[in-house]
Amino acid sequence: MSRRPIGAETHPSRGLDVPPEPGDPGLVFLAVCGFLALSIVYLESGAILGSAGLMVADLAYLVPIALTLVLVVLAYRRSQGLEARFWMSVFVLYVVLAVSELYYFWWLATAGGPPPPIYAPFQMLHTAAAVLFLLVLAAMTRLADAPAPARTRWLLDIGAVAAVVYVLCLKLVVQPLFAAVLGDQTVAGLVGAVYPTWGILMGAGVLCGPFCVRDWAGGACGSA
Amino acid sequence: MWTLLRPGLGRWRLWERLIGISMLIYAAGITAWPLWYVAFQPGAPAEERSLIDLVLVLGHYLFVLAAAHRILRPSQAWPMREAGPVRRLPGRLPTYAAIAVAVVALPRAGDLRRAGRPRVAR
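Protein chains in written order, with this note's numbering: chain F, 1 to 224; chain L, 1 to 122.
Please note that the accuracy of each hint is not assured.
[Said to hold, decoys possible] Some chain F residues judged to face chain L by a derived CB distance under 8 Å, without partners named: (1) Val56; (2) Leu67; (3) Thr68; (4) Leu71; (5) Ser79; (6) Tyr119; (7) Pro121; (8) Asp184; (9) Pro196; (10) Trp198; (11) Gly199; (12) Gly203.
[Unchecked claim] Simulated DEER-style distance windows between Cβ atoms: (13) Val55/L to Cys208/F: 46 to 54 Å; (14) Val70/F to Val55/L: 18 to 26 Å; (15) Pro149/F to Ala97/L: 25 to 33 Å; (16) Ile40/F to Ala39/L: 16 to 24 Å; (17) Asp111/L to Ala160/F: 51 to 59 Å.
For the record, the hints were derived by calculation from the structure and aren't laboratory data.
Every residue gets a Cβ at the ideal spot worked out from N, C-alpha and C, and that includes glycine.
Next up, chain L with everything else stripped away, as it sits in the complex:
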């Protein structure tokens, strides 16, 4: 709980904290679920309403509060900064084609140049 209660938590919006607490409560509830299952079997001692159910309901209820708070406070949206218009990169095909032509053409050009040069005795 220290993670959710420590100083400096003001960096988190209230609705985010509510969801965090809701998830912790829900996690505690479903961790105890095997107890609920055993208690509600026919012939088991407790067929009354259970505390685990109320814990799970509280988890859901905090989600309601979180969503309601987010709607009521538009200023609490996640801080998203527009990155500006997306720059479109040019297609890569001309680049690949140019490199392929160069790879093939340069040795060929070298061969042609060598073929046209008179042989010199060493």
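With the rest of the complex left out, here is chain F:
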């Protein structure tokens, strides 16, 4: 007798039924040209003096962020179930990033000269975005469909690892590095250690998280 899920909105099947994807050299060429164009805009903005050059350089961030926002809304409208939840989490992340970059743009236009103070909204929003990246990562894993106790356990585990990594980054990397900077860098060090901490967690999360699990319904990392 076959078992039938009861009450589930949707049921993710195993990841074995990925339809074939025909290659499209034209799109690949277009994608490479797009990044080259962004890079050229960014690098050539160095020739423009003052904050105007930095504003042009910031366009290299604003353009892909704005494009992502538009495309993610379209992808959300064309998806359902857990995938829709995933695109929604990406949308929230990019809204925070867009606000952050627009604030930086405004800061350059009014005050000029990088960087803004580390306790400025620009930096705080970027820190929030780093945390939201982890939520996007979680939405790609089986955590997206886990019961509340399992989610709580995951978050506690991540929090514990994050605390240890944060202290190590602060003491071994950030404080020695910031010691060469003029002025009191205590707050800058405390905030600055969040970035490498989240970078390490994101890297570990990608390598040991969704892409290490062989299928959505499978067991732990490496199991079939």
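Given the coordinates of chain F, work out where chain L should sit on it, guided by the hints.
What follows is chain L alone, placed relative to chain F:
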């Protein structure tokens, strides 16, 4: 990177792989962020454009490609199978009420039956 490049990765859609690579690149970029901060302080040696910025831009750009690929290839949606109409369970209140009545009524019924039975000397 082996996780993302190993054989059998065809089980993952291209847009999923792009997002994975994007996150790895972005992770590398923000891990190196303290270097960026030190380099851009007033009086620091490098006030030029930085490689770290380009790495972060590449991370964002791969997100654009991933979302665009997902939209252009509707067949690459996550494989969701409809579970059929949701079965609604009946309310639990009648069940609780029936059990409560039984718990109270059964001993009471036993008492009544015992009270009506004539006492027999052992």
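So, going through the hints one by one against the coordinates:
1. Val56: Nearest chain L Cβ about 11 Å off; hint violated.
2. Leu67: holds (5 Å)
3. Thr68: Where the cut-off is 8 Å and the nearest Cβ of chain L is about 5 Å from threonine 68/F, the hint holds.
4. Leu71: Cβ of leucine 71/F sits 4 Å from chain L, so the hint holds.
5. Ser79: With Cβ-Cβ at 6 Å, under 8 Å, it holds.
6. Tyr119: violated (13 Å)
7. Pro121: violated (16 Å)
8. Asp184: Status violated, d = 13 Å.
9. Pro196: This hint holds: proline 196/F lies near chain L, its Cβ roughly 5 Å from the closest one there, short of 8 Å.
10. Trp198: holds (6 Å)
11. Gly199: Holds: closest Cβ of chain L sits about 3 Å from glycine 199/F, inside 8 Å.
12. Gly203: holds (4 Å)
13. Val55/L to Cys208/F: 46 to 54 Å: violated (22 Å)
14. Val70/F to Val55/L: 18 to 26 Å: holds (23 Å)
15. Pro149/F to Ala97/L: 25 to 33 Å: Since the Cβ atoms of proline 149/F and alanine 97/L sit about 30 Å apart, the hinted range of 25 to 33 Å holds.
16. Ile40/F to Ala39/L: 16 to 24 Å: holds (22 Å)
17. Asp111/L to Ala160/F: 51 to 59 Å: The hinted range 51 to 59 Å holds for aspartate 111/L and alanine 160/F, with Cβ atoms some 58 Å apart.
In this structure, the hints that do not hold are numbers 1, 6, 7, 8, 13, in rising order.
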